[in-house]
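Novice: Could you fit the two chains together into a complex? Lean on the hints.
Chains as they are written, first to last, in my numbering: chain C, 1 to 463; chain F, 1 to 233.
What the hints contain is simulated information worked out from the structure, not anything from laboratory work. Even for Gly, the Cβ is constructed at its ideal location relative to N, Cα and C. Among the hints, erroneous ones may be present.
[Unchecked claim] With a Cα cut of at most 30 Å, we get these calculated DSSO-like pairs of lysine-lysine:
1. F:Lys208 with C:Lys368
2. C:Lys235 with C:Lys404
3. C:Lys235 with F:Lys105
4. F:Lys226 with C:Lys368
5. F:Lys105 with C:Lys252
[As the list claims (entries may be wrong)] A short list of chain F residues far from chain C (calculated; beta carbon distances all over 12 Å):
6. His76
7. Pro106
8. Leu112
9. Asp185
10. Asp196
11. Thr217
[Unchecked claim] Distance windows between CB atoms, simulated:
12. F:Gly28 with C:Asp403: 56 to 64 Å
13. F:Met43 with C:Ala343: 29 to 37 Å
14. F:Lys22 with C:Phe293: 52 to 60 Å
15. C:Gly204 with F:Tyr107: 51 to 59 Å
16. C:Asp387 with F:Arg151: 47 to 55 Å
17. F:Ala27 with C:Glu285: 20 to 28 Å
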Amino acid sequence: MSRLRVLWRTTAVRLSALYLLLFTLCALLLVIYVTAMSQRLLANQTREAVAAEVDQIEAIYDRTGVAGVLRTLERRARQPGANLYVIASPTGEILAGNVAWLEPGLLDAEGWTSRPFLYQRYSEESGDKHLALAEVVELPNGLHVLVGRDLQEPQKFGGLVRHALMVALGIMGVGALVIWFVIGRNALSRIDRMSHATTRIMAGDLSQRLPVNGSGDEFDRLSESLNAMLERIEKLNEGLRQVSDNIAHDLKTPLTRLRNRAEAALAQGASESDYRASLEDTITESDQLIRTFNALLMISRVEAGSAVAEMSPVDLSQSVEDCVELYEPLAEEQSLTLRGEAAPAVVIQGNRELIGQALGNLIDNAIKYAAGAADPEIRVTMAARADAIVISVSDHGPGIPADKREAVLQRFVRLDESRSKPGTGLGLSLVVAVMELHGGTLELSETTPDGGLTVSMIFPQNS
Amino acid sequence: MVAHMKILIVEDDLEAAAYLTKAFREAGIVCDHASDGESGLFMARENSYDVLVVDRMLPRRDGLSLISELRAGGIHTPVLILSALGQVDDRVTGLRAGGDDYLPKPYAFNELLARVEVLGRRKGRPEQDMVYRVGDLELDRLSHTVRRQGREIPLQPREFRLLEYLMKNAGQVVTRTMLLENVWDYHFDPQTNVIDVHVSRLRGKIEKDFDTPLLRTVRGAGYMIKDEGRAEA
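Excised from the complex, chain F in its bound form (with noise of 0.2 Å):
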């Protein structure tokens, strides 16, 4: 059902590279790697991939300047950027230069994994959809009502826009930062279950009356909103 994606990652730590490289293969990513700046910009300029992973120090070639070479040359392949320096201001330096996300080291895989579908996929899905639909379930951008069954469900703004999100990336994992930082735009670490509070809050309201369950706690990495139904069918 899904085409494989295929991502490069520029990574000078040669351990770090093969462990993602291994775990990106198992979660069925084809997965190239780059050891420094100079190669991976000429690898994300000679093919074609999905999503670019770049670790922002790198030999021959920072990252950031990479990002910013390959924007000026027209290519607009999504780029995650990899930190040691995970600051609020090294974020923003970073998304300037032409980053798409970053994520400070260190992270957990499962993180990584969440957001790099998310920016792969982003290509294939018009931004425009107006409503968007997960088995039984409506949402309906322009109007700001939610259905299931045809019958609506009465949502606080934020936990439209919660929803929002999570069926903009239907199918796929959402973690909690990712769900913090675009739906409440915080980047910080919010420490205690905050988000969780807000999803089974949202989950009681959509599922309640409902026999099929629509979102998914992911375990030991977010929140996936799916239609299980055909999914299995």
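Isolated chain C, as found in the complex (with noise of 0.2 Å):
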């Protein structure tokens, strides 16, 4: 029943309970109007062969007088499926013709009976009686003639145009109630389907999908991009856990050495220098908290894209050229020579700010790990491939072994022979996720086969 009451419910069970009604209504109309048309059309006919027939009788009568009148109609009542004739007395009494038996007071008045009436042959068993339409005229001696038509021929045909039109009715109905049906089973079905699908996405189960078809109709269409909404919140869900994780994880460890150092510093606490030296120590080791903090909410916010994405226009080559130039001193410093080659007027919709910081994190990255290689260059270069523009720096450091680039690219995860060097393990990262948000992907390779990493931001053109 209640099952019933959910069909009742879907949208398009409801529409075709409608269209079936005014389809019914429409048929009920048609058949209605067929059968007055018909009934009418087969009155007139009728009533012009009668009409006719009492012409040619007054003109007989005319010419003959009734004797002829007399002789014509006991012919014509003879023949098979002959009219109606009577000619009766003054008085209403039945002379001659081919009826046995009238309505009484029919042949008093002159003109058409006003409604079918009631009549019996005489070749007929008695109380067989047929119901036929007339006209009365009163001769010029007294004489009442009746001429008549039977109405079984048109009734009869008016009832089968009537039977065959409610047949085909009956079918077409029985036809809808059957789509009806079918269709909505098969709504409620699939519609059933996916609730379930999402009662156990609710339960918590983000990797459940809407079931789909590969019909794609508009349920098909519903669970897809349901589907496509799902992956997303997974994804972000997903980001959202590994920061929580992280932040459990990575905080915590340097709160716990902050804590550590203030209360060793009170138990201690010599000099006031002891306690200057604390106090800066515990700053810097603040700051570095801070630092990995704000990484941290920078990449959820790129990855959860919209938010930070203030796109527009940006100069890459003008982008490689600044950084280049910005991280080139620093390079100097470490013994390395930094050279950038941008091909001119490289633009893409993007947002400088972050595609600078990503290239300077690429940069800085491989001037803390190629100081003192055999070979002291680093190249930023950039190319234009069919589909994708490619900034790549290259170093010639240790490099990272193949097995490893999948692992550095996530957060905190920093290789044991990098955990000397200052850093927050989230550089990488972060040029993942801005990567992400420009629609590209971020790509590591050996600078040649002996060794040194390339790592190459590819941007899709038009992007």
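Specialist: See the structure below:
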């Protein structure tokens, strides 16, 4: 019962019910109209035939008198399927014709009988009465003549039309009901499947997806867009979870260190200069914490997308030049040479700040890790591919083993070899997030077969 | 020598406000405090301040609407926005609302002080000075030349802009982030000492062959260009 109620609530079912109702109404009107029209047509034919015959009889009377009329009618009355003919006395007595019995009083008035009447022929058994229409004329000698036509044929015909229409209507009605039921059931079962999936998702299983049957209909399209939305939510949720995990693991450690240091300073607290040194350390440590915290927030906001996305045309060539120029003295200080080769005036839609920061992070990394390498050259190159613009930062440092390249893109992942260097472990994660924001990717490879690291930012063209 | 600067802090965290007020007073800046947006707006209208330091999230009226309201009323006192929202887009909305500078929390007091001083001095300093002079150092903004004791010092374009910004704010502390913002137009945290390297390179060029140092490193804050000789005189 409740299933039916649910079925009734679906739009498809409601609409088809409405259509069914309208259709039935129209069909009924059609039946009534068609039968009325055909009846009218047949009645007119009857009247015309009868009227013609009455005219003839009057003409015959004029030419040959009563005898001629009698002869003619006798002859006609004997023909098979003949009309009704009655000649009656002025008092209403039937004198001649092919009718054995008539409804009384019919012969009294001249003209058309006001309504179909019952009669009985001679040849038929008594009780077998039929309906007919007739016209009565009074001959100049006072005799009454009735000419009429049986209505059985027209009535049979009308009945046939009505019957055929009703059968056709019935078939259509049943068909509509069947279609309605099938559509409704189908819609209902699909909605059921969708709501089951939704329930599981609400229960916390974000990996669930709504069913898609590939037909591309409105249900499929709805499922597909909801699935895309779920994908996005799952990703954001995952990001959020990662951030909270990271906060738990990587921010608590320095916080603990901070606290221990303050505690130790209080406990030992020798001279004012000791206090001062401890406080300065504390500030340095908290600055580092703030830095990490900012970087984390920045990454998750970039990953969340639109929040940071003040997109405008960015001259990538200018960005490369600016960053190389910014970091060049730093490289020189480490006895490295930083060289930039930018193709002129390549402009994409993007966020200049974020691209600059990402590129800065890559150059900064290269300087940090390539310091002391045999080949001191760090190159920032820019190449236009058919479908993308690639900015690469190549160094000749120790590089990253192929199997660890995936891992270093994650938050807080620092290889053992790099733990001694300063940094938050968030630099590359930010670059990845920035690239995702621009619809691009980040690729790590070796600079030469012997090693070194090349990090490539791949911006899809026309992004 | 320096007329006392007068500023208004609009900040709802009373402890932070008390700390700021005390620190600014110690730095020689007269400091008023308002603890919500409405009274901040009222005080900024009724008094003449050199700089307003406005927290972005305030009770009764938020910081951005306070600034828009002031600007709509024709008051153009420089405003520095403080905010816990520190990212690029927040900065942009802050400056669009009529703020002149934006500092994300948490910040070092020295950073705030340096920025407030630069904002406060901006009023009196004619922007159209074509030649900046600090001691015997001379920077011509029109011909893009730098001379010391009459001798021309060749500088790279970026070094020129760096020196230009330092000299424009001569006698005031300029922090590393201020330099990155104003000379490179980037607002991120450079993490490493990139700016220091640029400054020391510039220092090498303008001080190497001369006796008196001009470009000082201010510990825990940033840099300041100043004619030491004259200051002592």
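Novice: Would you check whether the claim that Thr217 of chain F is not at the interface survives, using Cβ distances to chain C and the 12 Å cut-off?
Specialist: The claim stands: Thr217 of chain F keeps its Cβ more than 12 Å from every Cβ of chain C (closest is about 16 Å).
Novice: Just to be careful, I want the Cα atoms of Lys208 of chain F and Lys368 of chain C compared with a cutoff of 30 Å; is the pair within it?
Specialist: holds (29 Å)
Novice: Taking 12 Å as the cut and beta carbons as the points, is Asp185 of chain F off the interface with chain C?
Specialist: Label violated. Min Cβ-Cβ 8 Å, cutoff 12 Å.
Novice: For Met43 of chain F and Ala343 of chain C, compare the CB-CB distance with the range 29 to 37 Å and indicate the outcome.
Specialist: violated (54 Å)
Novice: Is the Cα-Cα distance between Lys235 of chain C and Lys404 of chain C 30 Å or less?
Specialist: Status holds; Cα separation ~23 Å.
Novice: Determine whether the Cβ-Cβ distance between Asp387 of chain C and Arg151 of chain F falls within the hinted range of 47 to 55 Å.
Specialist: holds (54 Å)
Novice: Are the Cα positions of Lys226 of chain F and Lys368 of chain C separated by 30 Å at most?
Specialist: violated (34 Å)
Novice: I want to verify a distance hint. Is the separation of the beta carbons of Lys22 of chain F and Phe293 of chain C within 52 to 60 Å?
Specialist: About 26 Å separates the Cβ atoms of Lys22 of chain F and Phe293 of chain C, which means 52 to 60 Å is violated.
Novice: Compute the least Cβ-Cβ separation between His76 of chain F and chain C, then decide whether it is above 12 Å.
Specialist: holds (25 Å)
Novice: Is it true that the C-beta distance of Ala27 of chain F to Glu285 of chain C lies inside 20 to 28 Å, as the hint says?
Specialist: holds (25 Å)
Novice: Just tell me: holds or violated, for the beta carbon distance of Gly28 of chain F and Asp403 of chain C against 56 to 64 Å?
Specialist: holds (60 Å)
Novice: Determine whether the non-interface label on Pro106 of chain F survives the test: each CB of chain C must be over 12 Å from its CB.
Specialist: violated (6 Å)
In this structure, the hints that do not hold are numbers 4, 7, 9, 10, 13, 14, 15, in rising order.
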